[in-house]
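*Asks:* With the hints as extra help, turn the sequences into a complete structure.
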Amino acid sequence: MQQYSGFGLFKHSLTYHENWQRVWSNPIPKKHYDVVIIGGGAHGLATAYYLAKEHGITNIAVVEKGYLGGGNTARNTTIVRSNYLWDEASHLYEHSLKLWEGLAQELNYNLMFSQRGVLNLGHTLQDMRDIERRVNANRLNGIDGEVLTTAQVQEMVPILDCSKGARYPVMGASWQARAGTARHDAVAWGFARAADALGVDLLQQTEVTGIRRKDGAVEGVETNRGFISAGKVACVAAGNSSVIAKMVGMELPLESHPLQAMVSEPLKPILDTVVMSNHVHGYVSQSDKGDLVIGAGIDGYLGYGQRGSFNVVEHTIAAIIEMFPVFSRVRLNRAWGGIVDTCPDACPIISKTHIKGLYFNCGWGTGGFKATPGAGHVFAHTIAHDDPHPLAKPFSIDRFTSGELIDEHGAAGVAH
Amino acid sequence: MLLIHCPYCEESREEEEFSSAGQAHIERPLNPDELSDEQWARYLFFRKNPRGLHHEMWLHAHGCRKYFNITRNTVTYQIMETYKMGQQPSVIASEEGQS
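Chains as they are written, first to last, in numbering that gives the first Met the number 0: chain A, 0 to 415; chain B, 0 to 98.
Hints may contain errors.
To be verified - Here are a few chain A residues that sit away from chain B, every Cβ distance over 10 Å (derived from the structure):
hint, residue
1, 30
2, 97
3, 103
4, 143
5, 160
6, 203
7, 268
8, 278
9, 332
10, 333
11, 383
12, 409
What the hints assert, rightly or not - Listed next, the in silico DSBU-like pairs over lysine-lysine satisfying Cα-Cα at most 30 Å (straight line):
hint, chain 1, residue 1, chain 2, residue 2
13, A, 64, A, 52
14, A, 64, B, 47
15, B, 47, A, 245
16, B, 83, B, 47
17, B, 47, A, 351
18, A, 392, B, 47
19, A, 355, B, 47
20, A, 213, B, 47
21, A, 392, A, 97
These are computed hints drawn from the structure, not numbers from a lab. Since we're looking at a predicted model, the values are computed, not measured. A virtual CB, placed ideally from N, CA and C, is assigned to each residue, including glycine.
*Replies:* Shown next, in the form of structure tokens:
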């Protein structure tokens, strides 16, 4: 793998940047792989990378029906944080945040990871009680967090309407300083490049149409490019996880919904942190390019169409204008939808299944991006050892039968 | 925006008047004491999540406030039919959930 550096940039400028190595190769599928990963999003690529790097399994294929990082990886609002309420979830997300902090160096790829902090606004007394509870829980788990007063919030974000006359006055906020944003595409590309360098085959335009089994164990996957034999099959298909599960007659406790997001025209720097509000249901940050990145809520109905209804966008814009009257004449550039696989308890499933050699990482719902390195890391361990990583153990699919749900609706509900 | 025909109001109205209430035709177990944990989990948490035709319940929240059923394609979002509670659909989603 060609190392990226300032010196390299200079060297290549002498040849007009025409001799850069291809970032990853486009291999022909082999007949057999030790592990086949279904889904070439950031989670799938991270899983491949950690399997190769930490567990020495390099005969891996990542099978992607479209192009790498073209699903929810390309469609989220790029927010990274770990201020979840319950121990199980906060340990998992904090594990991920710690990996984020060294990831750009490790992958030798600029992820534009920016720890610009995340504010979660409180608009009612109950909001503030919930915020205090969550911040206390975070601190007990070793995660940074502060409760801010209205004056502190106003000082941090001068353009936020903190007046008493607001329809939903800001009464305070929680603040996680280590949270922030990362460049979503770069995360997929960085993991893809590093995985490719370790010998992982990235098979794009390869759609899985079936999973072949024998005596309760997987044998491989049927694809539009023929049968690929596999020792283990790991499904990281986000919104389409139920479709893959159906191929082996399994049902998952998932519902796939459209989740929409949008960006405005590029503006000069005006917002240097991430602002979220559960109560009025809106969240916004400003990208390095200058556009406001705004996330909407999910549509209530099931949908695989990667688009949602306009009234959801309208609600979100109303909330954003309520919080930031200064944005009222900003024009939107683009809006899009992704399919999110939501779990009944707003927590993911990282699990073995009753079929030997078949694993699922799904159910991240509206908030999977922030967990990319952590999810890949613990899922790779789960696959390599055929035994859940200690952090992944509480997220087994069995929890829906045992009743040990991890109800993160409060911390995951809006703040995607 | 979906245009939804309420079978009670007998009018087609905008989606904003309605709210989606999930999978239709789920029957509450008549023998709750005899169910295993797996059966309870199935009843409580496991839903069909088809890529294709889906029978689902909607509420006419800002209209007659009655629940009714819709058969809808989850990829194209096309509504095949709406029908009252207690009725059976005439367009049936296959077991695989494909249209």
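*Asks:* Which hints from the list above does the structure break, by number from lowest to highest?
*Replies:* none
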